[in-house]
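For the protein sequence lines, the chains are A and B, in the order given.
Note that the working numbering has the first sequence beginning at 1, numbered continuously upward.
Note that the working numbering has the second sequence beginning at 1, numbered continuously upward.
Don't take each hint at face value.
What the hints assert, rightly or not - Taking lysine-lysine pairs in the BS3-like style, the calculated list, with each CA pair at most 27 Å apart, reads:
no.	chain 1	residue 1	chain 2	residue 2
1	A	K143	B	K100
2	B	K243	A	K3
3	B	K240	B	K404
4	B	K240	B	K262
5	B	K664	B	K289
6	B	K694	A	K143
7	B	K240	B	K440
8	B	K702	A	K129
9	A	K88	B	K408
10	B	K548	B	K538
11	A	K143	B	K657
12	B	K548	B	K694
13	A	K11	B	K593
14	A	K3	B	K240
15	B	K657	A	K129
16	B	K629	A	K143
17	B	K100	B	K289
18	B	K593	A	K3
19	B	K240	A	K129
20	B	K262	B	K298
21	A	K129	B	K289
22	A	K3	B	K242
23	B	K439	B	K548
24	B	K538	B	K553
25	A	K88	B	K558
26	B	K262	B	K188
27	B	K188	A	K88
28	A	K129	B	K90
29	B	K558	B	K408
30	B	K172	B	K182
31	A	K129	B	K593
32	B	K440	B	K548
33	B	K593	A	K143
34	A	K143	B	K596
35	B	K137	B	K149
By construction, these hints were calculated from the structure, which means they are not laboratory data.
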Amino acid sequence: MPKFTLYVNGKTHRLNVVADMPLLWVLRDELGYTGTKYGCGRGLCGACTIHVDGEATRACMTAVENLDGAEITTIESLSLDNSHPLQKAWIAEEAPQCGYCQSGQIMTAAALLKRNPNPDDADIDSAMKMNLCRCGTYGRVRKAIHRATEDNG
Amino acid sequence: MRQVLSRRDFIKISSTAGAGLMIGITLPYKDRLVAAGVVEQTFEPNVWVSIHPDNTITIMAAKSEMGQHIRTSLPMIVAEELEADWSQVKVAQADAHPDKYGSQGTGGSGSIRRSFTRLRKAGATAREMLVQAGADKWDVSKAECIAEKGKILHVSSGKTFTFGELAEAASKLPAPEDPLLKNPRDFKLIGNSMPGLDTPSRVNGTAQFGMDIQVPNMVYAAVLRCPTFGGKIKSFKSQKTKKVNGIIDTFEIDDGIAIVGKNTWAVIKGQRALDVNWDHGDFANWNSKQIRDMMEKKGAGKAIVAREDGTVVNVKNDQIISAQYEVPFTHHATMEPMNCVVHVKKNTCEIWAPTQVPQRIQTTAAKYLGMDVKNITVHVTLLGGGFGRRLWADFVTDALQVSKRTKKPVKLVWTREDDIAHDFFRPTSIHKLQGSLSKKTVNLWKHRVVAPSISGQMAPERFKNGRLDRSAVNGASNLPYAIPNVLVDYVMTNTEVPVGWWRSVYNSQNAFANEGFIDELAEAAGKDSFQFRLDLLKDSPRHMGVLKLAAEKAGWGKKLGKDNGMGIAVHESFGSWAAMVAEVTVGEKGTLKIDKITSAIDCGLVINPDGVKAQMESAIVYGLTSTLKGEITIEKGAVVQSNFHDFELLRIDEMPKVNVYIVKSAEPPGGAGEPGLPPVAPAVANAVFAATGKRIRRLPIKPEDLI
Ligand code: FES
Ligand code: FES
């Protein structure tokens, strides 16, 4: 089986997995980073959003063979003590309901804020609209992103 | 007969509320450890509360957490009576137990309603014992001491003990048989929005859903099921599957073919590679249109009466209005697909499941394995959404079979495609309505509900003799409007399509029909639809309360643009009343934008206001999805939709402005998770009518309905 080297949250991992295994299952089953979620497996829901070299990426659609040597960041690295401005804002707005989509929401929002530190509602909508939430937390997600930008600046 | 039990008695007694409060659960084994100095004595006055010597308090949640923050609001009730300091409180999830906690089923918006009194008593019992323990230590009378913020205070001297310091002494006291409950006026926690105890874990990836459980030596499994309802396997070839890297085995189980492998990706690929020859069965000839035709035909025949007031014949001089409303099958779409981890061992079984019914899982496993329920451990994980889907145990029976055969712990994962194709769908329905107006007032209301029956599909024999499935007319037979002549009846039209409880169950269809049609009657009477409802709700103060509140906050009657419309709806379900005003914009090309939903709820006494608000927001989004999208259709006896590209959910850019107003009330708590859903679709449909003059009588709303 091929060997791959992945940099996840600052740690180096050497992997013996099939080349077409999506990063999602590498993270969850092989490395135990279960914060990244499976929702659809087809790039349709955003639950699996992580960062590859700083870009919001669907882990379910990215085969490990394309990631050899890439820098991967998951929800677990935002901060475990919830000190990241987005996490603080999410908590302050009580944004999560079941929470299952929220890793993906937060990772997409983090990429948005990197690009655009001061998004308006339309910017938020266009960045976040591929992240589905069946619990309907959209209103609070919007508010939390605004709050996080205030916290930043 | 009542008796005071010591904590060693080990006997389950019912509290005066009949709620299965347990007294004296401390185990002798643990007592021995305490005596030997191995562990410190924890005070466990009942199954709900443990107070530890380090002054922390663990409160048991015996209901499933699926986003409704129940693991916050249930502890609030206990902590309120206990006079705990909220920062001391931790929540622990109860494993399934046949009777220790009463029903652990989480559904019917019932967790608060059905636990309120027993949890208050549990907290009060512990408080009384702690007060007594403090009084004993100071050698003063109990009346001189009070509990406050996690301490017992001797009022005149100002001396205090923490709860932790009294834990051991309190654990030696008898439990009071009838503890004094607080006056609701003195509530400090209840009625305040407390931060969700599970919120921090939900923003850093540490929240553990069923999908996230990993146990040593675990294998993974997927199941391929016949896409056609009622179909069977004829034969299958697994050569290609076995070639997939990481596949361990494939074999037939009750519901299909199990694919077992070393990781999720292997079993997903293995599932796709299976080559099966299905016997699609008789239902393979069916599609949505045929189902509808069958329902139309049966709907014109014999019906079972659910409600009959007055006389329904004497209306020949009235103006008669008739309409038909229709609602499709729809899907739960929990963001976390079905899954569980099961480990069948020699004489025992351990299960980790995101379930709304831990006890049903436990009995299902016991029956399947031929084991005693006490040998089945069911751990309840967090649920990535429930909405009624997780009231079923189907995903666990799959895993039981795989674990039994492989003799290994198994994580069984449904793909999104499996989850959509093999749901228990919200029943499709047809509603035949007729009303009559005599001098502009409603004289007659007839509502025939034609729909598959959830109970009738589960237990057909119960309905053989023309028995009514009461659930199917929920929200129809309890029409609140003061109309002298009312006939509500039901025609059961079951098919092979599995049906189940979906957020608000039949209220979702029946409210759409009721509240759309009452608008049609208002129009026929030439009256404002808000005022028309009010006039018919004079004897229903709680309906009136929410209706007025929503209308007032929305600015009912305000001037709108020519493409805009405002619609209103009100509905009672699950012990609560909800009203909504929708504001919409309809574009020329049939584009529909929901601009704003103003909602009001009366759910009696509110425990955690922000929790109620969040549940309303959630129900509104869930309701909008089924109003605008989210249709399940049947072709060749199988579900057409397969993933989120053709089963679409509302997105953030379609999210209207939502305002939630809560009626202040001292009435007993009502439900909060579901009551917000039923008024959504009719409020939107009525708003579309106001904007365009087009009646929406079928869901979901399609562009062609608007032009
Ligand atoms: S799981 Fe990757 S987008 Fe849905
Ligand atoms: S919080 Fe449950 S799916 Fe988003």
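Now for the hints, and whether the structure bears them out:
With a C-alpha separation of about 42 Å, the suggested pairing of K143 (chain A) with K100 (chain B) is violated against the 27 Å cut-off. Taken as a hint, the K243 (chain B) and K3 (chain A) pair is honoured in the structure, with Cα atoms around 20 Å apart against an allowance of 27 Å. With a C-alpha separation of about 25 Å, the suggested pair K240 (chain B) and K404 (chain B) falls inside the 27 Å cut-off, and the hint holds. Restraint check for K240 (chain B) and K262 (chain B): the C-alpha separation of about 16 Å stays at or below 27 Å, so the hint holds.
Distance hint between K664 (chain B) and K289 (chain B) is unfulfilled; the C-alpha atoms sit about 47 Å from each other, more than 27 Å. Proximity of K694 (chain B) to K143 (chain A) is assessed by CA-CA distance (about 35 Å); at most 27 Å being required, the pair is judged violated. Between K240 (chain B) and K440 (chain B), the direct Cα distance comes to roughly 71 Å. Violation of the 27 Å bound is thereby established for this hinted pair. Simply put, K702 (chain B) and K129 (chain A) have alpha-carbon atoms about 21 Å apart, close enough for the 27 Å limit, and the pair holds.
Under the criterion of a C-alpha separation no larger than 27 Å, the hint pairing K88 (chain A) with K408 (chain B) is inconsistent with the structure, at around 41 Å. For the suggested pair K548 (chain B) and K538 (chain B), the alpha carbons sit about 12 Å apart, so the restraint of at most 27 Å is met. Only pairs whose Cα atoms come within 27 Å are accepted, and K143 (chain A) paired with K657 (chain B) is accepted, the gap being roughly 12 Å. Proximity of K548 (chain B) to K694 (chain B) is assessed by CA-CA distance (about 25 Å); at most 27 Å being required, the pair is judged to hold.
This hinted pair does not check out: K11 (chain A) and K593 (chain B) have alpha carbons roughly 46 Å apart, beyond 27 Å. Note on K3 (chain A) and K240 (chain B): the hinted pairing holds, with a Cα-Cα distance of about 24 Å set against a maximum of 27 Å. In summary, the hint linking K657 (chain B) to K129 (chain A) is supported, as the alpha carbons are separated by about 16 Å, within the 27 Å threshold. A hinted pair counts as satisfied when its Cα atoms are at most 27 Å apart, and K629 (chain B) with K143 (chain A) qualifies at roughly 25 Å.
A threshold of 27 Å between alpha carbons decides the hint, and for K100 (chain B) with K289 (chain B) the separation of about 49 Å lies outside it, so the pair is violated. Distance check on the hinted pair: K593 (chain B) and K3 (chain A) sit about 51 Å apart at the alpha-carbon level, beyond 27 Å; violated. Between K240 (chain B) and K129 (chain A) the alpha-carbon distance is near 38 Å, which puts this suggested pair outside the 27 Å criterion. Distance restraint check for K262 (chain B) and K298 (chain B): the Cα-Cα separation of roughly 50 Å exceeds the 27 Å cut-off, and the hinted pair is therefore not satisfied.
Between K129 (chain A) and K289 (chain B), the direct Cα distance comes to roughly 33 Å. Violation of the 27 Å bound is thereby established for this hinted pair. The hinted pair formed by K3 (chain A) and K242 (chain B) meets the criterion: a straight-line CA distance of about 22 Å does not exceed 27 Å. Taken as a hint, the K439 (chain B) and K548 (chain B) pair is honoured in the structure, with Cα atoms around 25 Å apart against an allowance of 27 Å. Using a Cα cut-off of 27 Å, the hinted pair K538 (chain B) and K553 (chain B) holds, with the two alpha carbons roughly 20 Å apart.
For the hint pairing K88 (chain A) with K558 (chain B), the CA-to-CA distance comes to about 39 Å; that exceeds 27 Å, so the pair is violated. For the hint linking K262 (chain B) to K188 (chain B), the alpha-carbon distance of about 52 Å lies beyond 27 Å, and the restraint is violated. Distance hint between K188 (chain B) and K88 (chain A) is fulfilled; the C-alpha atoms sit about 26 Å from each other, no more than 27 Å. Of the supplied pair hints, the one linking K129 (chain A) and K90 (chain B) is violated, its CA atoms being roughly 35 Å apart against a limit of 27 Å.
Between K558 (chain B) and K408 (chain B) the alpha-carbon distance is near 65 Å, which puts this suggested pair outside the 27 Å criterion. Taking the CA atoms of K172 (chain B) and K182 (chain B), the gap is about 24 Å. The hint holds against a cut of 27 Å. For the hint linking K129 (chain A) to K593 (chain B), the alpha-carbon distance of about 16 Å falls within 27 Å, and the restraint holds. Taken as a hint, the K440 (chain B) and K548 (chain B) pair is honoured in the structure, with Cα atoms around 22 Å apart against an allowance of 27 Å.
Taking the CA atoms of K593 (chain B) and K143 (chain A), the gap is near 21 Å; set against the 27 Å cutoff, the hint holds. At most 27 Å may separate the alpha-carbon atoms for a hinted pair to count; K143 (chain A) and K596 (chain B) meet this at roughly 16 Å. For the hint linking K137 (chain B) to K149 (chain B), the alpha-carbon distance of about 19 Å falls within 27 Å, and the restraint holds.
Of the numbered hints listed earlier, those contradicted by the structure are 1, 5, 6, 7, 9, 13, 17, 18, 19, 20, 21, 25, 26, 28 and 29.
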